[in-house]
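J.: Going line by line, the protein sequences match chains A and B.
Just so we're aligned, residue -13 is where the first sequence starts under our numbering, counting upward by one.
Just so we're aligned, residue -13 is where the second sequence starts under our numbering, counting upward by one.
From the structure, some residues in chain A lie toward chain B, with a derived Cβ separation under 10 Å:
1) Asp66
2) Ile146
3) Asp161
4) Phe278
5) Lys279
Each computed DSS-like pair below joins lysine-lysine, with the alpha-carbon atoms no more than 27 Å apart:
6) B/Lys289 <-> B/Lys274
7) A/Lys195 <-> A/Lys260
8) B/Lys166 <-> A/Lys274
9) A/Lys(-9) <-> A/Lys46
10) B/Lys274 <-> A/Lys166
11) B/Lys195 <-> B/Lys220
12) B/Lys308 <-> A/Lys279
13) A/Lys271 <-> B/Lys166
14) B/Lys220 <-> B/Lys271
15) A/Lys220 <-> A/Lys260
16) A/Lys166 <-> B/Lys271
17) A/Lys308 <-> B/Lys279
18) A/Lys279 <-> B/Lys166
19) B/Lys308 <-> B/Lys37
20) B/Lys95 <-> B/Lys37
21) A/Lys95 <-> A/Lys(-9)
22) B/Lys46 <-> B/Lys308
23) B/Lys279 <-> A/Lys166
24) B/Lys(-9) <-> B/Lys46
Keep in mind the hints are simulated off the structure, nothing from the lab.
A virtual CB, placed ideally from N, CA and C, is assigned to each residue, including glycine.
Number of protein chains: 2
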Amino acid sequence: MARSKPPVVGVDLGGTKIITGVFAHDGTMLSRIYCLTLGEEGPARVIERIKASIDQAIDKAGLQRNQIGGICVAAPGPIDTNRGLIIQAPNLPRWRNIPLPALIAEDFKLPAFLVNDADAAALGEHSYGAGRGIGNLIYITVSTGIGGGMIINGELYNGIDGCAAEIGHMIIMIDGPICKCGRRGCFEALASGTAIGRMARERVALGEKSIVFDLAGCILENIRSETVAEAARKGDLLALDVVHAAARYLGIGLANLVNLMNPQMIIIGGGVSKMGAMLMGPARKSMKEHAFKLPMSTVHIVKPALGTDAGLIGAAEYVLHKRMIV
Amino acid sequence: MARSKPPVVGVDLGGTKIITGVFAHDGTMLSRIYCLTLGEEGPARVIERIKASIDQAIDKAGLQRNQIGGICVAAPGPIDTNRGLIIQAPNLPRWRNIPLPALIAEDFKLPAFLVNDADAAALGEHSYGAGRGIGNLIYITVSTGIGGGMIINGELYNGIDGCAAEIGHMIIMIDGPICKCGRRGCFEALASGTAIGRMARERVALGEKSIVFDLAGCILENIRSETVAEAARKGDLLALDVVHAAARYLGIGLANLVNLMNPQMIIIGGGVSKMGAMLMGPARKSMKEHAFKLPMSTVHIVKPALGTDAGLIGAAEYVLHKRMIV
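Assemble the whole structure, with the sequences as input and the hints as a guide.
T.: What follows is the structure in structure tokens.
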């Protein structure tokens, strides 16, 4: 009798939460465990929680460790996929050059991998979501930052070191506003939630009138992209203007991707993209103005289909891809 | 006895010259024909010259039309590779939606293809030049404009419509100087030969002193990138400053490519790149400042190895690729 293909474990490690799932080879979710990251407790405690959540997920699926084919953790970049190192994690204090897959592999005696969270989401959406059957697509997440993943010729493309698709750090405005990466004029510094909050705060600080300030409880620091979105929905002119500016920048970044990659599809996810037509309408207009006609006429701009589980599903899928190659 | 693989024809159609070559399957050049484009005579006459040069090249190789496996023309973008249309050609007046491969195929009764000239150069350098054995590379040509081609996983990547890698029209300075494509702040409008000439003219027109003006025969319009390069080599401060500005922009565009694609190699060709260390020294410095450490530590920046024949060789190679797939 042929030995059936073993299930795999996907872990989505975020700044707030760790989601862990066991998946059968056809993508069926066999179990799902949710726990808080509590990153402020430092890497050692978080790694213990990751390991515990993997064990719980395996147990919940009615399986044993030795019945699992492999484990993959999707983590926020920058990571070194080849060497399996989390070089740094923006929302996880004190994570520096941590060989997470090696630590997991040693403990579980199983193959373990690391993948960028946006790459994992791209792979998830390509395998089971909005991008099924689409050979060339770009996934982009617009939230606090901007991240991305690319599927080229039906495969995840993540470059020689596994760190490609750093879409958020494409410079689109030389000498523009400062980015959290330390450079200026990055896509992320202009079109992310962080950028929307900053643009509104700057204008309110200069004395412009807006209900944004009231919605933030009259505390400048509390003005965030969510506050701006709420004010814009109420027709506030400053908020609408800021959303339009971000949409224009978003369209330009997307146009750059269209001109460079001529993809069949761009999937736009992330919290900020949920502003809907208010943001995406002017973003599409700007994109059309800045992209060439032929690739623009081809590309489909769509929403993700998998929601918050895209990274988790993609991480599990990554194990299958890696194990097929190995 | 197995029928040996037939030779193929590559044509490099430029604004100034048409170069045509017949190649054996191992890349050996069997013949090479050079003729002037004389684009001002219009498309019909140029197409006749292309056809005549193909016949001459076949004849010079001691072959007949029916011994040829296929023909490919490398042409300046924008082109529609799938439909075989030259949509427009910047340096060829009145070329609009011309189905060049169909016209050649009909006449020669042979498979005929169309490829972007920078894509062809990328393929040529990958197959027989500086990029041999390199699976993931970007070829970029910096001359009057900026063009590019990408090899991904050992294959030419040119997107869904065959118009990917429009590197020159990646916007890197929103609201920056106008580009010949009509948009503002394109990479090409900041780091090409055209940009270098324009930056020098603008400053001379504002009254800045420079030998650039004298070298151009005291005619502002005659200041070109070559004039600026000559003046910079003589130590002219304005010229050196303009070259440094272009180098900084070049480095930022290259950094964007490194952050997006994490390639193993970038091959930089084109007339402007021949300025050498004067341009490439500060360009590398700027690139290092704007790219992430890991992908920057991996990428090799090299010169092309095939010279002006890269496009021709790549066009011939494109026939072999297409015929293998078909």
